[in-house]
Every structure is written in structure tokens, then in C-alpha cells.
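A.B. asks: So the chains spell out like this:
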Amino acid sequence: GIQVEQSPPDLILQEGANSTLRCNFSDSVNNLQWFHQNPWGQLINLFYIPSGTKQNGRLSATTVATERYSLLYISSSQTTDSGVYFCAVHSGGGADGLTFGKGTHLIIQP
Amino acid sequence: NAGVMQNPRHLVRRRGQEARLRCSPMKGHSHVYWYRQLPEEGLKFMVYLQKENIIDESGMPKERFSAEFPKEGPSILRIQQVVRGDSAAYFCASSPRDTHYGYTFGSGTRLTVV
Chain A
1 GIQVEQSPPD LILQEGANST LRCNFSDSVN NLQWFHQNPW GQLINLFYIP SGTKQNGRLS
61 ATTVATERYS LLYISSSQTT DSGVYFCAVH SGGGADGLTF GKGTHLIIQP
Chain B
1 NAGVMQNPRH LVRRRGQEAR LRCSPMKGHS HVYWYRQLPE EGLKFMVYLQ KENIIDESGM
61 PKERFSAEFP KEGPSILRIQ QVVRGDSAAY FCASSPRDTH YGYTFGSGTR LTVV
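For the record, the sequence lines run as chains A and B. Note that the working numbering has the first sequence beginning at 1, numbered continuously upward. Note that the working numbering has the second sequence beginning at 1, numbered continuously upward.
Derived from the structure by calculation, the hints contain no laboratory data. For each residue, glycine too, the CB sits at the ideal point set by N, CA and C. There could be a bad hint or two in this list.
[Unchecked claim] Under 8 Å between C-beta atoms, here's a sample of chain B residues computed to sit facing chain A:
(1) E63
(2) T104
(3) G108
[Said to hold, decoys possible] Derived lysine-lysine pairs resembling DSS-like cross-links, with alpha carbons at most 30 Å apart:
(4) K102(A) <-> K62(B)
(5) K102(A) <-> K44(B)
(6) K44(B) <-> K54(A)
(7) K71(B) <-> K27(B)
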């Protein structure tokens, strides 16, 4: 099946810093989503972005489908941005569910 | 407009007991997905259901696990004769159609087997 690799696995930043999280996938995809799992375990859908660029406030994402990667940008980090960021893809073949990466654990220190 | 509702939030079972996890999708969503998250890992797909139909259960363990989404009522994930290795967070997601667009997760059920 499709493989999803996220980097870095862990990231510790000071409040106000910017960050870039990366997601590489091993096959073409028809669906790519970014999720944030907060420290209480809740999963929040950030972006549905199989290709192109989207922005939502301090967050933006870019997927270059032909090169099989996606980037999530977080600007002016706040402590509430802490948590785990997951990239999840669907390739259109095989299982009908999303395949998740192992996530990037982000800690924003005040 | 309530989101995806899962209950219970926490469930403790002794080894050998049955666990029943419930998921009510968002209003207007007819596609339900169940995922399992082990500690320090990403989510693993288990099963995809539509009303009264199991569409894909390729991620479900072959024994002790079953899922249903009846015509009326919530989707149920059932684990029989639980073992310690079943301890995990179980998440349900729903979407309005099968492209995963508009995917919304519930808050999860944390199952602890003692």
C-alpha cells in the first residue's frame, strides 16, 4: 500500500516562530488532508488539499502532487498550536480509508 | 448542528468482556469510517460503512471485531473477548460522500482493557 512519511517527527519552537512540516507519499493520490490532534486528543481537519495551495489564517498548505509531497506552514506560532499534525492520503486503490503518517509532534513554548 | 458524536468517551473493560463503541455521524453524512490509534502512532483504518452496508473492512482484525451501521441508529464497533492489546483510542469519522471530502472526526473512545 501507499507509504506516508512525515518530518520532522518532533519540533520544539518558541511562541511567534514559523515552521514548515513536510509529508512525502509514495504513490499518486486523489485525496490529501492535514489534521491537528490537540493535547486532549481531538482531531481537527485543517485542509483538504490533493493539489495546489490553500490558506486559512496563520496556516497554509501546499501539495505538489507530481513530486509527491505536501507542506504545512504555521506562521507566528501560538501555544495553542501545540499537538500532533497528521498528513493523511487516499490513493484511489486498495483500502477505502485514509492512510495516515506517524505525525509531527509540535510543542510551542511561551 | 452537532458534529460526529462518539460514546462513551472512556471505556474500561476486563479481559474477556465485550466492548461496544457508538458513533453517530454528522447530520447529512451517510459514510462512516472507524480508525484505531495506538499510543504514539498515527491512525489506522479499520472499516468503512454506509447505511446497512459494509463497504470495506480490510483493516479490521479477522477475529473478535465487527461493525455495523443500521438503517436507524448509530454505527457500532463491537469487540468481543477483549485483550490488553485492544487498548487504544478508537475514532469514528463521517463524510457526506465517499471521496473523504468534508471528513469530520468524533472525539474518540479511549478503551482500556485491564
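A.B. asks: Determine for every hint whether it applies to the structure shown.
C.D. replies: Do the hints match the structure? See the list:
For E63(B), the shortest C-beta to C-beta distance to chain A is roughly 19 Å, which exceeds 8 Å, and the interface hint is violated. With a cut of 8 Å, the hint placing T104(B) at the interface with chain A holds, because the nearest CB-to-CB distance is about 6 Å. A least Cβ separation of about 6 Å between G108(B) and chain A falls short of the 8 Å threshold, and the interface hint therefore holds. Taking the CA atoms of K102(A) and K62(B), the gap is about 24 Å. The hint holds against a cut of 30 Å.
With a C-alpha separation of about 10 Å, the suggested pairing of K102(A) with K44(B) holds against the 30 Å cut-off. Between K44(B) and K54(A) the CA atoms are separated by roughly 26 Å; this keeps the pair inside 30 Å, and the hint holds. Distance hint between K71(B) and K27(B) is fulfilled; the C-alpha atoms sit about 14 Å from each other, no more than 30 Å.
Hint violations for this structure: number 1 only, all remaining hints satisfied.
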